[in-house]
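Engineer: Heads up: the protein sequence lines correspond to chains A and B, in order. 609 is the number that my numbering gives to position 386 of the first sequence; each next residue is one higher, with no gaps. 43 is the number that my numbering gives to position 41 of the second sequence; each next residue is one higher, with no gaps.
Don't read these hints as lab results, they were simulated from the structure. The structure displayed is predicted, hence computed values, not measured ones. A hint or two may mislead.
[Claimed, not checked] Sample of chain B residues at the chain A side, in silico, Cβ under 10 Å:
#, residue
1, Leu18
2, Arg30
3, Glu31
4, Lys100
5, Asp103
6, Asn178
7, Arg183
8, Trp198
Yeah, the Cβ is synthetic: ideal placement off N, Cα and C, and Gly gets one too.
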Amino acid sequence: MDFSTDAYLDMDLLRFLTCGSVDDGKSTLIGRLLYDSKSIFEDQLEAAETASLSRGDQRMDLALLTDGLRAEREQGITIDVAYRYFATPKRKFIIADCPGHVQYTRNMVTGASTANLALILIDARHGVIEQTRRHSFITSLLRIPHLVVCVNKMDLADWSQETYDKIREDFEEFAARFEITDITFIPMSALTGDNVVNRSENMDWYQGPSLLHHLENVHIAGDRDMIDPRFPVQWVVRPQGDEHHDYRGYGGQVASGVFQVGDEVVALPSGMESKIKSIDIGGASQQFASPPQSVSIQLENDIDISRGDMLCRPNNQPTSGQDIDAMVVWMADTPMQVGKKYTIRHTSNEARCIVKNLNYRLDIETLHRVEEAEDLKLNEIGRISIRTTKPLFYDPYRQCRVTGSFIIVDEQTNNTVGAAMIIGETN
Amino acid sequence: MSQIADSQAHYRLTHLKALEAEAIHIMREVAAQFEKPALMFSGGKDSIVMVKLAEKAFRPAKFPFPLLHIDTGHNFPEALAFRDQLVDSIGERLIIHKVQDLIDKGMATEDPGPFPSRNRAQIPTLLDAIETYQFDALFGGARRDEEKARAKERIFSFRDDFGQWDPKNQRPELWNLYNGRSRMGENIRVFPISNWTEMDVWQYIMLEEIEIPDLYFSHEREVVERRGQLVPVGDAPFGPRDGEEVVKRTVRFRTVGDMSCTAATDSPAANLEEIVGEVAAARASERGARMDDKNSEAAMEDRKKEGYF
Numbered sequence: 224m225d226f227s228t229d230a231y232l233d234m235d236l237l238r239f240l241t242c243g244s245v246d247d248g249k250s251t252l253i254g255r256l257l258y259d260s261k262s263i264f265e266d267q268l269e270a271a272e273t274a275s276l277s278r279g280d281q282r283m284d285l286a287l288l289t290d291g292l293r294a295e296r297e298q299g300i301t302i303d304v305a306y307r308y309f310a311t312p313k314r315k316f317i318i319a320d321c322p323g324h325v326q327y328t329r330n331m332v333t334g335a336s337t338a339n340l341a342l343i344l345i346d347a348r349h350g351v352i353e354q355t356r357r358h359s360f361i362t363s364l365l366r367i368p369h370l371v372v373c374v375n376k377m378d379l380a381d382w383s384q385e386t387y388d389k390i391r392e393d394f395e396e397f398a399a400r401f402e403i404t405d406i407t408f409i410p411m412s413a414l415t416g417d418n419v420v421n422r423s424e425n426m427d428w429y430q431g432p433s434l435l436h437h438l439e440n441v442h443i444a445g446d447r448d449m450i451d452p453r454f455p456v457q458w459v460v461r462p463q464g465d466e467h468h469d470y471r472g473y474g475g476q477v478a479s480g481v482f483q484v485g486d487e488v489v490a491l492p493s494g495m496e497s498k499i500k501s502i503d504i505g506g507a508s509q510q511f512a513s514p515p516q517s518v519s520i521q522l523e524n525d526i527d528i529s530r531g532d533m534l535c536r537p538n539n540q541p542t543s544g545q546d547i548d549a550m551v552v553w554m555a556d557t558p559m560q561v562g563k564k565y566t567i568r569h570t571s572n573e574a575r576c577i578v579k580n581l582n583y584r585l586d587i588e589t590l591h592r593v594e595e596a597e598d599l600k601l602n603e604i605g606r607i608s609i610r611t612t613k614p615l616f617y618d619p620y621r622q623c624r625v626t627g628s629f630i631i632v633d634e635q636t637n638n639t640v641g642a643a644m645i646i647g648e649t650n
Numbered sequence: 003m004s005q006i007a008d009s010q011a012h013y014r015l016t017h018l019k020a021l022e023a024e025a026i027h028i029m030r031e032v033a034a035q036f037e038k039p040a041l042m043f044s045g046g047k048d049s050i051v052m053v054k055l056a057e058k059a060f061r062p063a064k065f066p067f068p069l070l071h072i073d074t075g076h077n078f079p080e081a082l083a084f085r086d087q088l089v090d091s092i093g094e095r096l097i098i099h100k101v102q103d104l105i106d107k108g109m110a111t112e113d114p115g116p117f118p119s120r121n122r123a124q125i126p127t128l129l130d131a132i133e134t135y136q137f138d139a140l141f142g143g144a145r146r147d148e149e150k151a152r153a154k155e156r157i158f159s160f161r162d163d164f165g166q167w168d169p170k171n172q173r174p175e176l177w178n179l180y181n182g183r184s185r186m187g188e189n190i191r192v193f194p195i196s197n198w199t200e201m202d203v204w205q206y207i208m209l210e211e212i213e214i215p216d217l218y219f220s221h222e223r224e225v226v227e228r229r230g231q232l233v234p235v236g237d238a239p240f241g242p243r244d245g246e247e248v249v250k251r252t253v254r255f256r257t258v259g260d261m262s263c264t265a266a267t268d269s270p271a272a273n274l275e276e277i278v279g280e281v282a283a284a285r286a287s288e289r290g291a292r293m294d295d296k297n298s299e300a301a302m303e304d305r306k307k308e309g310y311f
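Please work from the sequences and hints to get the whole structure.
Structural biologist: What follows is the structure in structure tokens.
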């Protein structure tokens with residue numbers, strides 16, 4: 224693929240997630256995307272070829288291009304989230320490559336948390352299976368805005384339109400229960416490359432784009448919330464010395480909305496109001512800041528603001544509260560206990576909390592609510608009510624992924640044990 | 003065009019600006035969550051980009067951490083000169099910890115054999131620096147695109163008392179929330195440019211007009227061919243070996259590590275635009291020029307487990 228230097232400096236970034244197991248041909252699909260977009264180097268290719276041959280494989284296993292850790296290569300499975308990179312003249316892509324089995328739900332959730340798009344693989348011979356439902360549910364739980372259903376291995380299904388249509392109908396039927404706004408279906412064969420990068424000649428009944436074409440063109444600009452300004456203060460930039468004597472910048476990453484010089488803002492929790500005097504990145508000033516920019520904001524008045532505080536607009540503020548309901552995915556071997564105290568990290572804020580109630584556990588196979596559940600074990604998902612030691616400034620996760628999410632940290636082990644998505648105030 | 007679509011186009015961020023924003027966020031998070039961080043500075047392009055990102059995160063104030071150079075004693079003289087000049091111009095503190103000092107104390111050894119290397123000797127030197135200065139977090143310029151084991155490493159990567167990485171027991175890392183809580187003795191390595199590729203680094207250098215050592219640009223240099231690679235020759239111990247013929251070639255370096263383990267590539271690329279063009283057309287990965295990775299398929303994974311970056 225040809226790039227001009229200018230094109231390089233004018234590309235979008237799309238982060239997407241792939242979920243599936245080795246059997247679905249997920250690693251082969253990623254290998255194919257990297258290989259056909261010429262993102263694989265010769266020495267990496269040689270290393271994969273050498274490894275294939277030494278294992279006695281008949282041909283080079285494209286999956287070997289992506290399986291990173293020795294244990295994974297030896298066992299032919301994917302254990303952890305791996306990040307891959309490739310670019311076309313239009314976009315740079317970051318792939319969060321996640322294992323598909325139920326015991327790796329936490330890994331998939333991790334990969335999903337930063338993704339704008341998810342690829343779900345379906346083996347055309349098997350159709351929609353339990354794993355498909357689970358992956359689709361997690362995609363909707365983490366509110367990934369775009370979903371692509373890859374009906375793979377069409378070469379083994381006689382390139383049959385009937386098979387494809389049936390899978391599509393089945394998927395649409397159960398996916399109606401989820402809040403997924405943008406779903407695209409693509410019949411393909413990762414092994415032969417049909418409809419991955421190049422349009423298939425074996426399926427002339429399919430008029431849609433190839434996978435890569437879709438990834439390059441799917442509209443992602445609208446994924447960012449430009450309406451509700453939220454700026455969690457992360458770090459106060461305060462130079463010592465005379466030269467910048469008057470500088471006091473609030474460093475942080477815009478969570479959502481747009482901030483402009485001259486805007487009236489309110490600082491939480493103090494409620495003090497001021498106006499934006501300047502916005503800069505490393506001393507270079509600009510007129511506005513939009514998500515996900517990391518900037519420093521100076522205010523007209525000298526008000527007391529520190530890490531964990533939030534800037535927003537007086538007439539558009541997040542909820543402030545200590546009693547919060549959230550969906551939580553448990554990520555540790557030690558189960559979540561009701562009544563136990565944990566530390567949470569939410570935006571740039573840290574607080575302690577007590578888990579007051581487990582409303583229900585959600586069976587991710589059947590989506591039934593198990594109300595008699597007493598704890599949450601590794602990879603289990605449930606709705607909890609917590610009370611925090613101080614107010615958090617939050618939005619529902621469905622409105623803002625940054626101000627609507629928090630992680631739960633075990634105070635004994637310091638491990639990250641839970642990922643939570645805020646529903647709202649506890650009733 | 004509707005007003006909303008209009009504003010979306012107006013506020014569009016390119017991939018480089020999105021990556022920059024992520025890196026600044028990570029650096030500030032470390033400054034806020036840790037007592038004694040340091041930024042690993044090698045004089046290579048990735049660490050130079052890190053310095054630029056630190057300026058974006060903390061200027062007009064000083065960095066809330068020093069730079070740390072693990073000096074192998076096998077550096078290119080050009081890289082050292084560049085290091086000193088850069089540190090001087092940004093006015094930040096540089097701590098130099100020397101592998102030679104550890105070797106003299108008998109706490110580190112050079113790998114023997116026909117290709118002596120101080121790659122492994124960096125590990126005890128780094129751990130000694132951490133202990134001496136009580137660093138609790140170290141910024142590194144490693145990228146996930148460099149190598150398969152790195153593709154699975156977290157941005158906040160925990161090390162135990164021995165500096166070891168346990169790839170199967172990593173903390174989940176979600177959204178842009180980083181959990182830096184650690185116990186005494188533990189420390190973390192933080193990789194703010196994890197999600198950058200070699201190409202992104204070059205484009206960013208071009209976009210921001212960042213100065214880098216001349217080694218990266220095409221120049222005439224004396225080299226020998228060794229195991230199919232162009233190895234730079236210099237003063238002892240980097241002279242030619244028996245039977246090797248020194249030739250002058252027009253080369254540049256894609257990566258700048260130790261003179262003992264960095265190979266040059268034939269290249270006429272004399273400016274950044276030409277380098278970007280060359281990287282785009284390249285058929286060999288950047289680490290392909292690092293002889294330390296050639297030893298086994300899982301070379302990097304093994305060294306990381308021992309405490310390598």
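Engineer: Hints first: check each against the structure and report whether it holds.
Structural biologist: Against the structure, the hints:
1. Leu18: Constraint on Leu18(B) satisfied, holds at 7 Å.
2. Arg30: holds (4 Å)
3. Glu31: At 7 Å from the nearest chain A Cβ, Glu31(B) passes the 10 Å test, so the hint holds.
4. Lys100: With a minimum Cβ separation of about 30 Å from chain A (threshold 10 Å), the hint on Lys100(B) is violated.
5. Asp103: This interface hint is violated because 32 Å lies over the 10 Å limit.
6. Asn178: holds (7 Å)
7. Arg183: holds (4 Å)
8. Trp198: holds (8 Å)
The structure fails hints 4, 5 (numbered hints given earlier, in ascending order).
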